[in-house]
Amino acid sequence: MSAEAISENRAKSDFWQGVRLSVPIVVASAPFALLFGTIAVDNGFSVLEAFLMSAMVFGGASQMVGIELFGQHVAPWLIVLSIFAVNFRHVLYSAGIGRRIAHWPLVQQAIGYFVLTDPQFAMAERKAEAGETVGFAWYMGLGLPVYVFWVVESALGAVFGKLIPDTHALGIDFLLPIYFLGLVMGFRKRPLWLPVVVASAAASIIAYKTVGSPWHVSIGAVAGVLLAVILPPHHSGVETRR
Amino acid sequence: MSTTLWIIIAGAIATYLTRVGGHLVISRFENIHPRVEAGLNAVPAAVLTTLVAPAALGAGPAEWAALIVAALVSLRGGLMTMFLAGAAVLILARQFVG
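Going line by line, the protein sequences match chains A and B. Heads up, the first sequence is in the numbering used here, so the first residue is 31 and it goes up one at a time. Heads up, the second sequence is in the numbering used here, so the first residue is 307 and it goes up one at a time.
Treat the hints as calculated values from the structure; they're not laboratory data. By construction, the Cβ of each residue, glycine as well, lies at the ideal position given by its N, Cα and C atoms. Take these hints with a grain of salt, some might be off.
[Said to hold, decoys possible] Label-pair restraints from in silico Cβ distances:
(1) B/Val403 with A/Thr163: 51 to 61 Å
(2) A/Glu162 with B/Val403: 50 to 60 Å
(3) A/Ala232 with B/Val342: 22 to 32 Å
(4) A/Thr240 with B/Ile319: 31 to 41 Å
[Unchecked claim] Cβ-to-Cβ under 7 Å is the rule here; a few derived chain B residues that face chain A:
(5) Ala316
(6) Gly317
(7) His329
(8) Arg341
(9) Gly345
(10) Val349
(11) Pro350
(12) Ala351
(13) Val358
(14) Pro360
(15) Ala372
(16) Leu396
[What the hints assert, rightly or not] Facing chain B, according to a computed beta carbon distance under 7 Å, are these residues of chain A, among others:
(17) Ser124
(18) Gly128
(19) Tyr143
(20) Pro207
(21) Tyr209
(22) Leu211
(23) Met215
(24) Val227
(25) Val247
(26) Gly250
(27) Ala251
(28) Gly254
(29) Ala258
Model the full assembly from the supplied sequences, consistent with the hints where possible.
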């Protein structure tokens with residue numbers, strides 16, 4: 031066998047190893063893709079628009095936030111800014127993963143960053159920390175199924191969401207706050223989590239009552255972040271890692 | 307082109323910038339100031355909380371029950387488990403209190 035054929039076989043098996051690891055991520059994200067499609071249509075998106083948003087943004091929480099604000103008739107630039115704010119955590123993933131994939135050709139890196147979701151980052155970091163090389167074939171084997179299923183299921187959710195007669199009885203209008211609460215709880219091991227959440231909750235409620243929607247999102251978020259910046263570093267648990 | 311389409315395209319560009327930007331910008335610095343890092347760490351919880359708190363305040367008993375059960379379940383279970391538990395409580399409670 032030539033060296034080329036060997037490396038091609040190697041890439042194939044790496045790809046399928048990635049695909050196997052993607053299965054739990056695909057299963058776990060399926061309900062959210064369907065939910066996104068359903069709520070998108072409920073909030074005034076067409077099926078095509080729901081499909082396009084999943085295909086182009088590919089970030090679950092930020093898509094939910096965008097849809098929620100779209101339904102509240104918030105100004106377009108604020109919706110985009112909110113999507114940016116929710117996705118801002120990716121900056122940290124991006125900074126972390128950069129050194130793992132720096133050996134890829136530029137086009138592959140550009141594609142790799144597009145599919146850099148929370149689970150994608152977690153799995154790639156785990157592989158790198160185990161001392162293994164993060165290859166493009168393996169990385170895409172992991173990321174591609176997640177992407178394809180996310181987009182297809184979003185469209186399915188949008189198509190079938192139109193068929194649901196009574197969205198109130200099924201609680202669809204209040205599913206997003208529950209989902210967002212779950213995401214908030216998921217960060218509870220982080221330093222300063224409770225003070226940040228309390229500050230953001232209080233500020234957003236006050237802003238909601240006084241300034242009004244949609245400013246409560248920005249004002250509440252800034253209050254929480256500022257608190258984390260102002261508190262002495264030994265509370266935030268970051269100085270030890272310098 | 308429709309406004310919705312513009313929102314989607316701009317949202318997609320903004321998202322891609324966050325995914326490639328950390329590598330392009332942050333990796334140029336040797337150290338990130340601890341206070342900046344603390345602020346960045348706080349971003350997701352701060353943003354997401356603002357989407358729960360006012361909605362919870364303006365809701366009724368059915369929604370409160372759902373949020374409380376979901377929060378309790380999330381201490382042990384994963385995101386999906388807590389979400390399903392919250393949704394189940396919400397649907398059930400709405401049968402009684404509307």
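Results for each hint:
1. B/Val403 with A/Thr163: 51 to 61 Å: Roughly 57 Å apart at Cβ, these two residues keep to the hinted range, so it holds.
2. A/Glu162 with B/Val403: 50 to 60 Å: holds, 54 Å
3. A/Ala232 with B/Val342: 22 to 32 Å: Roughly 24 Å apart at Cβ, these two residues keep to the hinted range, so it holds.
4. A/Thr240 with B/Ile319: 31 to 41 Å: This hint holds: roughly 33 Å between Cβ atoms.
5. Ala316: B/Ala316 check passes; min Cβ-Cβ to chain A is 4 Å, inside 7 Å.
6. Gly317: With a closest approach of 4 Å, the B/Gly317 hint holds.
7. His329: Holds: closest Cβ of chain A sits about 4 Å from B/His329, inside 7 Å.
8. Arg341: For B/Arg341, the interface hint holds, since the closest Cβ of chain A sits about 5 Å away, which is under 7 Å.
9. Gly345: This hint holds: B/Gly345 lies near chain A, its Cβ roughly 4 Å from the closest one there, short of 7 Å.
10. Val349: holds, 5 Å
11. Pro350: holds, 5 Å
12. Ala351: holds, 4 Å
13. Val358: With a minimum Cβ separation of about 5 Å from chain A (threshold 7 Å), the hint on B/Val358 holds.
14. Pro360: It holds, given that the least Cβ distance between B/Pro360 and chain A is near 4 Å, below 7 Å.
15. Ala372: Holds - the Cβ of B/Ala372 comes within 7 Å of chain A, reaching about 6 Å at its closest.
16. Leu396: Constraint on B/Leu396 satisfied, holds at 4 Å.
17. Ser124: Cβ of A/Ser124 sits 3 Å from chain B, so the hint holds.
18. Gly128: holds, 4 Å
19. Tyr143: holds, 4 Å
20. Pro207: Cβ of A/Pro207 sits 4 Å from chain B, so the hint holds.
21. Tyr209: holds, 6 Å
22. Leu211: Since the shortest Cβ distance to chain B is 5 Å, the answer is holds.
23. Met215: It holds, given that the least Cβ distance between A/Met215 and chain B is near 4 Å, below 7 Å.
24. Val227: holds, 5 Å
25. Val247: holds, 5 Å
26. Gly250: Constraint on A/Gly250 satisfied, holds at 3 Å.
27. Ala251: With a minimum Cβ separation of about 5 Å from chain B (threshold 7 Å), the hint on A/Ala251 holds.
28. Gly254: It holds, given that the least Cβ distance between A/Gly254 and chain B is near 3 Å, below 7 Å.
29. Ala258: Nearest chain B Cβ about 4 Å off; hint holds.
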